[in-house]
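**Student:** Sequence:
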Amino acid sequence: MASEIDVIAELRIHDLSKYKISGNEAQPEKEKSMEEYYSNMKTDYAATGIRQTVKGVMVTNCHNHPHVLLLKNKKGASPSDGLLFQLPGGVKKPGESDQTAINRTFNKLFSRTPKPRPWEVKDLVTQWWRPRFDGCQFPYQPAHCTKPVELTRWLLVNLPDEWEGAEWEFFVPENFELVAVPLFSLFENKGEYGPQISTLPHQLGRFTMHTA
15 MASEIDVIAE LRIHDLSKYK ISGNEAQPEK EKSMEEYYSN MKTDYAATGI RQTVKGVMVT
75 NCHNHPHVLL LKNKKGASPS DGLLFQLPGG VKKPGESDQT AINRTFNKLF SRTPKPRPWE
135 VKDLVTQWWR PRFDGCQFPY QPAHCTKPVE LTRWLLVNLP DEWEGAEWEF FVPENFELVA
195 VPLFSLFENK GEYGPQISTL PHQLGRFTMH TA
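All you need for my numbering is the position in the sequence shown, starting with 1, plus 14.
These aren't lab readings, by the way, just hints derived from the structure by calculation.
Predicted, not measured: the structure shown is a model, and the values here were computed from it.
Restricting the straight-line Cα-Cα distance to at most 30 Å, the calculated cross-link-like pairs of lysine-lysine (BS3-like) are:
id, residue 1, residue 2
1, Lys-89, Lys-46
2, Lys-56, Lys-161
3, Lys-34, Lys-88
4, Lys-106, Lys-122
5, Lys-107, Lys-122
6, Lys-46, Lys-161
7, Lys-122, Lys-46
8, Lys-122, Lys-89
9, Lys-46, Lys-204
10, Lys-86, Lys-32
11, Lys-88, Lys-32
12, Lys-122, Lys-34
Turn these sequences into a full structure, and let the hints steer you where they fit.
**Tutor:** Following this line, the structure appears as structure tokens:
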């Protein structure tokens, strides 16, 4: 009898209580609506071609169940426009690696110390292709789409429980809230979290998670 195929992708997650969340100065939003997002994307596309974006997926343990850390816009927005709940991240600079882009965008979002903290990219979770300047995205490049306008890569970011002997602290811009959402709340919940984020339980299913 053939042996079962082992799932080799493993993730050690720490308890949410190990992390401290503090406030930070509000960060101006470059794009306050999806219309602005598409408009800026058109400008970037005309100048440099496809926009490449990275988003970080951070998983913690709470009540013996995996939770994903999301940014919630305090101003309020519709889940369908992708602005209410977001994975942290940003647009890559030309020639920038995924790891460098995550370090830069995460330190800008969550740090207020002059010394940048390391954010370890462990794996690629999935990627989304945007074939045109609207809200439609696919987890594959459509056959008819030879010139996609955006590629967004979701990267699994491994969180340590401390840094340089102190607890790991998130300094969250005051116009956002860092929330921990359980996988069972995300599961197929497009109405609350949108069509992409609600697929996270499916995407993370290939990882074997262990509580550290």
